[in-house]
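Visitor: Here is what each chain is made of, one letter per residue.
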Amino acid sequence: MVTILSLVVPTVTGVLSIFIRRAWLRETIHLIGSIATSFIGLLLVGTVIIQGPITNSNQFFHIDALSAVILAIISIVNLTTSIHSIGYIRHEQKEGLLNVRQTRQYYMLYHFFIATMVFVAVVNNMGLLWVSIEATTIVSAFLVAIYQKGEALEATWKYLMICSAGIAFALLGVIILYASSIAKLGASNQVLNWTVLSNSHFVLQPDLVALSFVFIMVGFGTKVGLAPMHFWLPDAHSQAPSPVSALLSGVLLNCAMLGLIRFGIVAENTIHGQLIQHLFIGFGLFSVGIAFPFILVQKDFKRMLAFSTIEHMGIIAVALGMGGPLGYSAALLQMFNHSMGKSMLFLTAGNVNQKYKSKQMPRIFGVLQSMPFTGFVFLIGTLAITGVPPFNIFTSEFSIFVAGFREGHAWITSVLILFIAFIFAAMMFHMIKMIFGENVRERMSTGEVSRWNTIPLVLPLFFVVLFGLYMPTSFTQLIHQASLILVGGVRA
Amino acid sequence: MLLQVFTIVLIMSTLALLWIKPIGTAIKILSVQSLILGLMAILIAVRTDTPDLYIMGGLTILMKSIGIPWILWYTLKKIGMKRETEKLIGRELSILCGGLILAISYIVTGKLHLSSISLGQQYLPISIAMLLMGLLIMMTHQKAIMQGIGLVVMENGLFLVALVTTYGMPFLVDIGVFLDVFVAVILISMLTYRIDKTFQSTHTENLRRLRG
Numbered sequence: 001m002v003t004i005l006s007l008v009v010p011t012v013t014g015v016l017s018i019f020i021r022r023a024w025l026r027e028t029i030h031l032i033g034s035i036a037t038s039f040i041g042l043l044l045v046g047t048v049i050i051q052g053p054i055t056n057s058n059q060f061f062h063i064d065a066l067s068a069v070i071l072a073i074i075s076i077v078n079l080t081t082s083i084h085s086i087g088y089i090r091h092e093q094k095e096g097l098l099n100v101r102q103t104r105q106y107y108m109l110y111h112f113f114i115a116t117m118v119f120v121a122v123v124n125n126m127g128l129l130w131v132s133i134e135a136t137t138i139v140s141a142f143l144v145a146i147y148q149k150g151e152a153l154e155a156t157w158k159y160l161m162i163c164s165a166g167i168a169f170a171l172l173g174v175i176i177l178y179a180s181s182i183a184k185l186g187a188s189n190q191v192l193n194w195t196v197l198s199n200s201h202f203v204l205q206p207d208l209v210a211l212s213f214v215f216i217m218v219g220f221g222t223k224v225g226l227a228p229m230h231f232w233l234p235d236a237h238s239q240a241p242s243p244v245s246a247l248l249s250g251v252l253l254n255c256a257m258l259g260l261i262r263f264g265i266v267a268e269n270t271i272h273g274q275l276i277q278h279l280f281i282g283f284g285l286f287s288v289g290i291a292f293p294f295i296l297v298q299k300d301f302k303r304m305l306a307f308s309t310i311e312h313m314g315i316i317a318v319a320l321g322m323g324g325p326l327g328y329s330a331a332l333l334q335m336f337n338h339s340m341g342k343s344m345l346f347l348t349a350g351n352v353n354q355k356y357k358s359k360q361m362p363r364i365f366g367v368l369q370s371m372p373f374t375g376f377v378f379l380i381g382t383l384a385i386t387g388v389p390p391f392n393i394f395t396s397e398f399s400i401f402v403a404g405f406r407e408g409h410a411w412i413t414s415v416l417i418l419f420i421a422f423i424f425a426a427m428m429f430h431m432i433k434m435i436f437g438e439n440v441r442e443r444m445s446t447g448e449v450s451r452w453n454t455i456p457l458v459l460p461l462f463f464v465v466l467f468g469l470y471m472p473t474s475f476t477q478l479i480h481q482a483s484l485i486l487v488g489g490v491r492a
Numbered sequence: 001m002l003l004q005v006f007t008i009v010l011i012m013s014t015l016a017l018l019w020i021k022p023i024g025t026a027i028k029i030l031s032v033q034s035l036i037l038g039l040m041a042i043l044i045a046v047r048t049d050t051p052d053l054y055i056m057g058g059l060t061i062l063m064k065s066i067g068i069p070w071i072l073w074y075t076l077k078k079i080g081m082k083r084e085t086e087k088l089i090g091r092e093l094s095i096l097c098g099g100l101i102l103a104i105s106y107i108v109t110g111k112l113h114l115s116s117i118s119l120g121q122q123y124l125p126i127s128i129a130m131l132l133m134g135l136l137i138m139m140t141h142q143k144a145i146m147q148g149i150g151l152v153v154m155e156n157g158l159f160l161v162a163l164v165t166t167y168g169m170p171f172l173v174d175i176g177v178f179l180d181v182f183v184a185v186i187l188i189s190m191l192t193y194r195i196d197k198t199f200q201s202t203h204t205e206n207l208r209r210l211r212g
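Protein chains in written order, with this note's numbering: chain A, 1 to 492; chain B, 1 to 212.
These are computed hints drawn from the structure, not numbers from a lab.
Source: prediction; values computed, not measured.
Please note: incorrect hints may appear among the correct ones.
Below, simulated DSS-like cross-link-like pairs (lysine-lysine); rule was C-alpha separation at most 27 angstroms, straight line [to be verified]:
1. 184(A) x 21(B)
2. 433(A) x 77(B)
3. 77(B) x 87(B)
4. 184(A) x 197(B)
5. 78(B) x 149(A)
6. 111(B) x 359(A)
7. 111(B) x 149(A)
8. 78(B) x 94(A)
9. 184(A) x 299(A)
10. 357(A) x 111(B)
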């Protein structure tokens, strides 16, 4: 019942947003809807922590600890970005960059986007998991195109074409998996259910499963933004409105990663070989490696953040590949921590863009001086995302390194550490100039864009700082349960 | 027998998409291709007595052979009917690539051991070839609307894979895939129109500003 509500609330809010003409009423409903969505999401997470997996009567929905981690990410980031959206969209409207009709479309699509991502997390049937991931692509493509300018259209076109073509191969993988599963169980609607396929005693035809997983890895890997299928990602992230960039980077990629994890576990039950491990580590390491030169030469602020996202998705993939109980929990923790840090940074980037009217880093100086609060959050976010202690991402990255050495991947871990150190240097090089530098020619007046733009930043900031120092037991328990699902897949 | 004729028409229509120049004709070919696909689904439904497949066949004809071509046609009319395709590689070379893809599909699928599948071995190569040719169309064509058509051809190929290996995916999944494709085509049409209005052309050469 609650599960259905988690889908109905954002959908209804979205529909209402397009029909309501009064701006204040639309914003109020948008806020209430977002808070309700996040509340329901967290309620489901809480239920999973206390009572274990939720499966509704007809097996349509299934929420285990893995989905709960994603739901927690969706809920928290949604709360932040929805409040920030109000300030951001008001400002864009005032500047004449968006008209009233586009504003209404924005709020509608925003909630539909959230609904599709919640669907990814809660659905049981793995065919429908594919459908919902493709649906997230389409809905978010509308959002990336919202400015309807040349570059936004280009980004949308690339995003839609690359992701749809990539994910078509994932569907081929799903069909092959289904064919293999039918051979074992006979045709029925349950055959593609996660609750059936994840059973570790369920062994399918190995050659078919291996083939299917290669297609799925390429397909969902495209959506996760793993190199060399990442070309859509920097375009879409840099051209979307900043709250949407935060959602894309912080939530959407994790949803796609959830798909990859689920299919990976199913494949692992049949093929115990090294194929899955190697695929994850290979694509992951390549992504981290390719992010460094692009971050170094980048001029566009949001593009640089997008390449940092590719880096972090690579780190998560490597951690999932190296495995072991510690590796899995560290990977899941990294997903959560990265979402907090990166959504925060994209929102500050939005504030900076609106203030300086530019995304070009050489034109941005002295953020700390001109926007004291945003500058402060920006500084913390930069330190956190590059893995500086004592912030949250340091904790998870450090656990990944420990897990890597413990599982006997000393070389891979060393290379990973080396790349992360390079990227730290490259990002600092850009960020320090923006945060501390002083603009000599044109002095910016001191002041934030609006309170709506600054107050929501407190929420991710809280998690970034807190999770570096202390993690509540209920949360570690959730991560532990989720990693057990992954370990179970390997042990079988 | 009838199925074999249908698959031959399918592959010929895909090859024709690699050859023809006017975009209007390409849309018509796409419509015929989807019609054949729908009829195949219904034929298999009759033979195997699967009620779901009747609905899927009907939906394929309704949406993919009438709905989607209509949307594309409408977009084409808004941006000017007399549009021709433009490609990175010549028509002769793309047909050659098509032949190559077909050969590779036969070789690769010949090595698969699909014990459970009755129809599969015979028709799988054709469907894989359709999928890959759809990708080829997307990669080589430079007009936005043709890239969209390539995407629909890919989806048609996937539908055929599912049809011949497992008599279609579970019903809800099939419906979901349909819905996704349909909305994607609406988005493609919208974008094509916007791109045309912004750049005065639907040539994707204009979409080269975001780099690095």
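Visitor: Decide, hint by hint, whether the structure agrees.
Guide: Hint-by-hint comparison with the structure:
With a CA separation close to 47 angstroms, the supplied pair residue 184(A) and residue 21(B) exceeds the 27 angstroms bound. The hinted pair formed by residue 433(A) and residue 77(B) fails the criterion: a straight-line CA distance of about 51 angstroms is larger than 27 angstroms. Note on residue 77(B) and residue 87(B): the hinted pairing holds, with a Cα-Cα distance of about 21 angstroms set against a maximum of 27 angstroms. The suggested pairing of residue 184(A) with residue 197(B) is violated, with an alpha-carbon distance near 53 angstroms, which exceeds 27 angstroms.
Only pairs whose Cα atoms come within 27 angstroms are accepted, and residue 78(B) paired with residue 149(A) is accepted, the gap being roughly 19 angstroms. With a C-alpha separation of about 52 angstroms, the suggested pairing of residue 111(B) with residue 359(A) is violated against the 27 angstroms cut-off. A distance of roughly 49 angstroms separates the Cα atoms of residue 111(B) and residue 149(A); the hinted pair therefore is violated under the 27 angstroms criterion. Under the criterion of a C-alpha separation no larger than 27 angstroms, the hint pairing residue 78(B) with residue 94(A) is inconsistent with the structure, at around 32 angstroms.
The straight-line distance between the Cα atoms of residue 184(A) and residue 299(A) is roughly 54 angstroms, outside the 27 angstroms bound, and the hint therefore fails. As the CA atoms of residue 357(A) and residue 111(B) are separated by approximately 58 angstroms, the hinted pair breaks the 27 angstroms bound.
Comparing the model with each numbered hint stated earlier shows that hints 1, 2, 4, 6, 7, 8, 9 and 10 do not hold.
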